Amino acid sequence: MAYKYCTATNWGKNFFTHEERRQFHLSGHPGEVWVVGDNLYGDQWIGKVAGAIKTKEEAQAIVTGEIEAAQAAWDALPAEEKTEIHNPRPTLYNLP
Amino acid sequence: MANYSDIKGFTVQTLSTDTVANAAAGGSWASGGTINNTRDMLGGAGPQTSALIFGGNPYPGSSAYTESYDGSSWTEVADLNTARILLGGLGTSNTAVIAFGGNLSPPNYRAETESWNGSAWTEVNDLNDGRWAMAGNAGTQTAGLLFGGAPGEVPSSDAHTESWNGTSWSNEPDMNTARSENAGAGTSTNALSIGGTPSYPTATAVVEQWNGSSWTEITDINTARNDLGGLKGGGTITDALVFGGLNRSGPTTYASTEFWDGSSWTELADLSTARYGGSGSGTSSAALYAAGNTGSRVGISEEWSAPSDFNQIQEGQLYFNSTANAFKETVTDLPGGSWASGASINDGRNASGSAGTTTAALLFTGDPVSGSPTGISANTEKYDGSSWTEVNNTNTARRECFYGCGLTNTAALCVGGYDGSAKTSNVETWDGTNWTETTNLNQTRNSGALVGSSTAAIGFGGIEPPFTGKTEFWNGSTWTELADLNTSRYVISGAGPSYTAALAFGGYSTSYDAETEEWNGTSWTEVSDLNTARYGIGATVSSSSLNSILAFGGDEAPPANNKTEFWNGSSWSELAEISTARFQGGSTGTSGTGALFFGGAPNPVATSTEEWTVNLANKTITAS
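Chains as they are written, first to last, in our numbering: chain B, 187 to 282; chain S, 311 to 934.
Each hint should be verified, as a subset may be incorrect.
What the hints assert, rightly or not - Pairwise CB distance ranges (calculated):
(1) B/Glu266 <-> S/Thr699: 44 to 52 Å
(2) B/Ala236 <-> S/Pro869: 40 to 48 Å
(3) S/Asn841 <-> B/Asp224: 33 to 41 Å
(4) S/Thr432 <-> B/Pro264: 56 to 64 Å
(5) B/Ala258 <-> S/Thr385: 53 to 61 Å
(6) B/Gln257 <-> S/Asn841: 45 to 53 Å
(7) B/Gln257 <-> S/Asn438: 49 to 57 Å
(8) S/Thr432 <-> B/Glu266: 42 to 50 Å
(9) S/Asn635 <-> B/Glu266: 52 to 60 Å
(10) B/Ala236 <-> S/Ser697: 42 to 50 Å
Note that these hints are calculated values from the structure, not bench results.
Note that the coordinates shown come from a computational prediction; the quantities given were computed from them, not determined experimentally.
Glycine included, every Cβ here is placed at the ideal spot set by N, Cα and C.
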């Protein structure tokens, strides 16, 4: 499946609708990065949310930067909090 | 002369969405309102258009924040009296909720219960045992249930259950699997406990069902996870959703949604944003997942909607999907078939007889001893589609009787075998309650196969010794010899609709056999071989057609084999493998779309059951 990449701020209700979810692939990632199915409906949605188009490499760099910042915050926690804390250390991953 | 359709063509239905199995399968997640105070590990309750979230971790520390949702936006309302994280919650609207348990930071496990009336929280009676990480909740603010949670510091978890009657909490029988960070659905008397963390940091896929007095394990979810969203205060034991979640072994954060229809979990449309530790509530047709953690805390919410108006999937349907711009055909998706765990048998064994269907099966006799064949058994168990129950034994204990036959668990044959001292020609019939001895086989032997019914069957193959190809016909009272198999062998498998239409495959003669032979009522004809030669293969013994038969498991010199092969009437093709390789297990099934495989060898003898299911799928038609 082909994708497009953009950044857009989720404003809440109707940022994406049920109908849109059925029309194209959409997944949200750290840094307000969105992976969007590359079809007519996906293009229309990017326009609707005023998405800033990114290349895959640019989008990946944003996501990686956000996760690395979260990792640094986790690493800075006191040792006892790391063992007690509910949240595991965030891990890097690749966008589809 | 050309007919009308040749000239004018056919009209193909145009649909904007694919056909689906049920309303939930047509559901999707849309963005909901963004909460005011970003946090995770919060409590929540209420339907999609009237929900309440409370407490949680905005980091650092615990919060008492409470926010109310009207289906469009979140509004801050009065705080909890006691700030906390990972607390429970139940309620039927954003004006009638209880919050209970949780944890303060630093660790301080709470028992407080607070009641919300739409404008303020009031302290009411405490839990009996303070705890946190207990999103396993079901019911309402006046009749609720709490199950699992962490009574101490990580990695503690327990199986504790308490019920709430609107005034006070009472202890109830424990779950079978201790866990925290689980999800719940249903009511105080019919509830589901789903997933969670039994032992930090490992997530479980185990699901248990509460009937008002005890917990019973049922079918696992597809993806083991903890801190997943569920339908607190909504759903039923036959209609539930879970979504999102975490598995710390990785760690992996999930976006997937699974739907429970009372018999199996099906993956549906994903959340847009994978996350865990949010607040899930609502129903399978209108759910809400608020806030959570993607690696960082988020304040988004998503709304699940499954429209009641949907296009029902039907095998053979052809349509044009105008959204996907594709022609599609609905087919039975054999390549997409899979094995899932089922209810375990009571007495592990191999070399047993079996009969029936995937929802009404019978298992009898066998070898309960691990290792070399030394044991014999007369035990009989009956399966009703959800659990195995011990029933009356055979009169003669044995192993290696012929693989059984019979379309139900109320009529079967137990034929031949080895009784502990010698091979036997003994035959018994099952009437649903008792085994009764009847006319013996003409040829004493073990490890043959049977096809047909308890009143009209053929038995073939086995070892006398030597390996035999003898075929005998059972008319309900006597055995008559018919034409032999072309390849004499034992530990052979068979399947088919009747004594006049059967398939024989696999086994062992001078080596492991792949030979397949078809019976037409008079003689055996060699047809295409199995892809993998082996013996002790499980089969859909009661297949209603010779064009739809499954062969699974077996032993190939050794080790045990986990292959599944499908016979389409002319050749075998490989499908998804069973999870536990084994041979000489009990097996049933009436076609390639459904099967059971239970017990079997090698060491130790298995008690586990696996269930094969195949769903319909909409396949895009492409021009070649």
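Item to complete: Could you check the structure against the hints above and give me the numbers of any it violates, in ascending order?
Response: Violated hints: 2, 4, 5, 7, 8, 10; rest satisfied.
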